[in-house]
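S.K.: Respectively, the protein sequence lines represent chains G and E. At position 13 of the first sequence the residue is numbered 13 (the UniProt record's numbering), and the sequence of numbers has no breaks. At position 253 of the second sequence the residue is numbered 253 (the UniProt record's numbering), and the sequence of numbers has no breaks.
These are computed hints drawn from the structure, not numbers from a lab. Glycine residues also receive a C-beta, built at the ideal position from the N, C-alpha and C atoms. Just so you know, nobody snuck in bad clues.
Below 20 angstroms or equal to it, Euclidean Cα-Cα: the simulated EDC-like pairs (lysine to aspartate or glutamate) are:
1) E:LYS361 with E:GLU347
2) E:LYS288 with E:GLU368
3) E:LYS183 with E:GLU252
4) E:LYS178 with E:ASP375
5) E:LYS62 with G:ASP70
6) E:LYS62 with G:ASP224
7) E:LYS178 with E:GLU386
8) E:LYS348 with G:ASP70
9) E:LYS288 with G:GLU242
10) E:LYS361 with E:GLU340
11) E:LYS348 with G:GLU242
12) E:LYS288 with E:ASP263
13) E:LYS62 with G:GLU226
14) E:LYS329 with E:GLU65
To give a feel for the contact side, a few chain G residues facing chain E, derived at Cβ under 10 angstroms:
15) TYR46
16) ALA235
17) LEU237
18) VAL243
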Amino acid sequence: MRTRMPSTPGVVVRTAGAVMVSLLFLIPLLWVVASSFRPGNSAFGYTSPFTFEAFVPLGGDVSNYVALFDGYFVRAVGNSLLVAAATVVFGLVLSVFAAFALSALQFPGREAFFVVVVLSFLIPFDAIAIPMSAQFRDWGLANTYVGLILPGLANGFAIFVLRQFFLGIPRELLEAARVDGLAWWRILWQVYLPLCRPALVGAGLMLFLSQWQSYVWPLLIGSDTEHHLAPIALANLRGQLEVNFGQIFAGSVVLTLIPGLLLLTFQRHFTDSVAATGIKD
Amino acid sequence: MSNPRSTRRIGRRLGAIAVTAGMCTLAACGGAGTDAEGGSGETVTLQFVHPEVAGSFDPLVKAYEAEHPNVRIETTNVPFDQLQSTLQSRLGQGDTSIDVYTADPSRIPGIVARGQLLEISDLRDEAEAATIPSAMEPNIVDGSLWSLPIWTSSQYLYYNPDLLAQAGVEPPTKDPAKRWTWKQVTDAARKAQAAGAEHGLLIEQVNRYYQLQPLAESLGGGPGLEGDDLLTPNLTNDPWITAMNWYQDIHEQGIAPRGIAPDQMGPLFSAGKAAFYVGGPWVIPGWKEEGATFGLAPHPYFAEGEPTTPTDSWSWGINPNSENVEQAKEFLRWAALTTEGSLATIEKILIPPTNANAFDKYVTRLDESVPGVTDGAGDLMLHELENTAVHRPPSPGYIQFEEMMVNVFEDIRNGSDVEDRLAKAEDELATAFSRLR
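Please put together the full structure from these sequences, using the hints given.
M.R.: Written as structure tokens, this is what we have:
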């Protein structure tokens, strides 16, 4: 049952302060959205100094969005969706198996393996991207979707999160299942996964976002236009000699909207995940 | 616990994604390379890497493929800010999937030293006959030709006639003999600001050596690098300090704005926010489309010095590891040394080509860009290229130099002590260059 907080002056002031801070964070986003409806570079007519029209696109149009959908950008967004979706699917399979092995199974060196996993996600990917891209080129994986997807699959952080979630499942359940004669893969499928779906959603979103925001790797390995991912296409809207800020704003809105919608769609499962974590054991 | 219905929905969604992703992945895992052309030999696919917006070279590709039916050109645009690092990384790894790429002429000695350009001296005679003379020099290292110049550049002083009229300022003319000094520009800019202009002066590439080198050169300060090998930094001579003090003053006094990135300068000027703008001719088509009001005049200079202007643009070279060297060389030759090819490179970008015949046609096109405004702009550019243009120093350390100078200019623009900052840059450069000797 919900309880109402008393409306004391302190609460009112704090709430008003929180709302003000939230609005301050929204201002840059509002400017980007409004400017995405200003054709070409005309958004700059309302800056320096900023005027009301910088945040309200009165008299604007959708020409930037129309221009974006001319093929190149749409293809790049499609590529990003494909790469991110494939990473979520195959990455989750890998992460689940790894996390299950590192939590439910008992074998010598298990903790050492886990330390390796933890260390793997502490190494900045950008630091190893260049030598790794040489390896991928040698394997003929440059300008292929496999080359773009592969490095995103083994995500140490996703394994870490799932393992911690699996460890929260009472071991008695596992032992009872073993006594009943269930094979390991059925224990995973029928006992662990149904209990951990919210964690799977969390790990899946992590995998999705890691590929959606990826920049250095696709720049090195997905270099032909057909394999450009969305962040590269967005950066390419700015040439050395010409730049169309209206399209850049519109592209930014599109690239923000897609993960935003995804997060909103799965928001409740995140909440479930947090709540469920709290009542285990 | 999670809701079973909602978890089933998640399962269905993930399942659908899995099937789609799997099918798409299997269907789409193709690589680039050589395509067979039914029955009549093989079609070679050349990979060309550049930093312009997608589609900039479509006219070139179309024209070239029409004349060379067995060659396909695939263009790849890499964002300008990441171009050098991406190319260095890929070429350094012996990447064979790049055939032709754009190279900044001032970086060519450094790229040659790394072994990342194919020598093309067999094209030298033809290149010297077809190219405007000043453009060839940066492409020759140790007596050999390593790349072909494609474009060159110069800069104008643009002004907003409405803002100047509002301030009662007579605008400058296109006559190079009546070229304005920087003092005239800043005086007029102040008046325009007093009459309502938001900014007095916008400098297009406000933190890049390309644009700011002429300030010190105008006063006789040299390029900042000296010695036979151009590996001795000299940034603390009086002209450099004077030029940088002026550069700092215009920002401190609010004539030029701080905190605005180079690519936002043009849009601000076309929006009528500034009295003056120093920049290249490539802004003209965009401003025309946006209905901007502008006039143009020669690049300013310091009264106590000589007129100097930025120059050079991209050259194109061949990856030594290319598997299609002959086809790449022919593509490069056609784009740089034939009138048709050279004109195709500038069909979408209003930048001067280095091909002499194409340059003449470009001058006409530039003059006719905005009737009543750009008339005579071509002659003015020719005058600048022949008389006032200063090349950037062809030093093997130019790559480090240019990257370091961006920080130096930004620091000075934002208030660092000029002499201290230049001295610090000299020390840092000396350390960096010691590894190159």
